[in-house]
Amino acid sequence: MITSLGDIVEQHAETFPDKAAIIQEGASWTYRDLRDLSRRAAQGLLNAGVEQQNRVAFLDRSSREYFPFLFGAGLINAVTVAVNWRLAAPEMEYILNNAGARVLLIGEEFLGHLAQMNLPSTTTVIVLGDPGDTGYPTWDEWVNSFEPEFPNIDVAPEDICYQLYTSGTTGLPKGVEISNRNLFGMLPDSGMLPNSGVEWSFDSDSVNLVSMPLFHIAGSGWGVCAFFFGGTNVILRDVDPVEILRLIDTERITNILLVPAVLQFI
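Sequential numbering of the sequence shown, starting at 1, is according to the working numbering.
Take the hints with a grain of salt, since some may be wrong.
[Claimed, not checked] With beta-carbon atoms standing in for the labels, derived distance ranges: (1) Ser167 / Asp133: 32 to 42 Å; (2) Glu51 / Ser145: 29 to 39 Å; (3) Ser145 / Glu177: 41 to 51 Å; (4) Arg246 / Ala156: 40 to 50 Å; (5) Glu141 / Met117: 19 to 29 Å; (6) Ala156 / Thr15: 37 to 47 Å; (7) Asn144 / Gln264: 37 to 47 Å; (8) Pro17 / Glu108: 16 to 26 Å; (9) Arg246 / Thr123: 40 to 50 Å; (10) Ile266 / Glu109: 19 to 29 Å.
[Said to hold, decoys possible] EDC-like mimics (lysine to aspartate or glutamate), calculated; alpha carbons at most 20 Å apart, straight line: (11) Lys19 / Asp205; (12) Lys174 / Glu93; (13) Lys19 / Asp36; (14) Lys19 / Glu251; (15) Lys19 / Asp159; (16) Lys19 / Asp33; (17) Lys174 / Glu251; (18) Lys19 / Asp7.
Don't read these hints as lab results, they were simulated from the structure. On a predicted model such as this, the values are computed, not experimentally measured, just so you know. Glycine included, every Cβ here is placed at the ideal spot set by N, Cα and C.
The task is simple: from the sequences and hints, build the whole structure.
Right, here's the structure in full:
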């Protein structure tokens with residue numbers, strides 16, 4: 001039974017090792033690939049001094065690397081914070097410091113923002129893309145420097161796995177803690193809460209389009225829904241109505257979550 005984020009990759013890598021787990025821009029990872037990358041990320045986080053329930057952060061547009069980072073954190077009972085990349089540098093700095101993020105996985109596009117921040121809690125920075133002259137390792141360099149060993153750390157359903165942030169419309173953004181039980185409890189047939197009677201139509205044959213930003217529950221949380229059932233996630237880097245329609249056709253999408261504004265564009 002899946003009761004934590006880390007359980008997802010461990011279970012499905014055994015059941016569907018060669019099945020596509022993630023597709024983005026023509027590249028794909030199988031469930032075996034995703035498990036091994038998640039384990040490598042877990043070992044990297046441990047090497048960086050991350051302890052149970054410490055926060056680690058992601059700051060980039062939607063990229064497939066987010067998910068092994070998320071699951072790697074889940075394997076060691078750490079908490080992932082995905083930061084809204086649309087914010088200004090001072091707002092990003094506030095969230096990262098409020099969370100006390102120990103590790104930051106950041107896209108090259110936002111290194112200019114990072115240069116404006118003072119992050120006393122953040123001791124390790126990893127870059128998606130070109131780190132330039134910063135001296136930070138790339139994701140590939142960092143994750144491949146560790147072995148895909150299972151960390152064997154106990155994780156409870158009540159442990160926090162996500163920390164999302166509100167938009168801060170009436171003040172500063174506020175962290176919202178989500179436990180494994182909270183996250184999986186919204187899923188029919190998860191066994192974590194009484195069945196609500198809602199039918200989401202997810203199974204291992206589902207091909208799910210993740211088109212909303214990963215800092216939003218409609219992005220990363222929606223992706224976890226498909227992973228929970230052993231489905232395939234297609235990741236869209238930016239919300240693009242034309243690309244959404246193309247992917248629905250070419251990838252034979254079966255499940256999608258869109259907000260009303262995007263539906264109006266379509």
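Going through the hints against the structure:
1. In this structure, Ser167 and Asp133 meet the distance hint of 32 to 42 Å, their C-beta atoms being roughly 34 Å apart.
2. The given range of 29 to 39 Å is broken by Glu51 and Ser145, whose C-beta atoms sit roughly 20 Å from each other.
3. Checked against the hint of 41 to 51 Å, the pair Ser145 and Glu177 fails, with Cβ atoms roughly 31 Å apart.
4. Evaluation of the 40 to 50 Å hint for Arg246 and Ala156 yields a pass: the beta carbon distance comes to about 42 Å.
5. The beta-carbon spacing between Glu141 and Met117, approximately 22 Å, falls within the hinted interval of 19 to 29 Å.
6. For the pair Ala156 and Thr15, the beta carbons lie near 23 Å from each other, so the given range of 37 to 47 Å is not met.
7. In this structure, Asn144 and Gln264 meet the distance hint of 37 to 47 Å, their C-beta atoms being roughly 43 Å apart.
8. The beta-carbon spacing between Pro17 and Glu108, approximately 32 Å, falls outside the hinted interval of 16 to 26 Å.
9. At about 41 Å, the beta-carbon gap between Arg246 and Thr123 stays in the expected band of 40 to 50 Å.
10. Separation of Ile266 from Glu109 is about 26 Å and conforms to the stated range, judged on CB atoms against 19 to 29 Å.
11. Restraint check: the Cα-Cα separation between Lys19 and Asp205 comes to about 10 Å, which is no more than 20 Å; the hinted pair holds.
12. As the CA atoms of Lys174 and Glu93 are separated by approximately 13 Å, the hinted pair is consistent with the 20 Å bound.
13. About 14 Å separates the Cα atoms of Lys19 and Asp36, which keeps this hinted pair within 20 Å; it holds.
14. Taken as a hint, the Lys19 and Glu251 pair is honoured in the structure, with Cα atoms around 14 Å apart against an allowance of 20 Å.
15. Taking the CA atoms of Lys19 and Asp159, the gap is near 29 Å; set against the 20 Å cutoff, the hint is violated.
16. Taking the CA atoms of Lys19 and Asp33, the gap is about 10 Å. The hint holds against a cut of 20 Å.
17. Restraint check for Lys174 and Glu251: not satisfied, since their Cα atoms lie roughly 37 Å apart, outside the 20 Å limit.
18. For the given pair, Lys19 sits about 17 Å from Asp7 by alpha-carbon distance, which is consistent with the 20 Å threshold.
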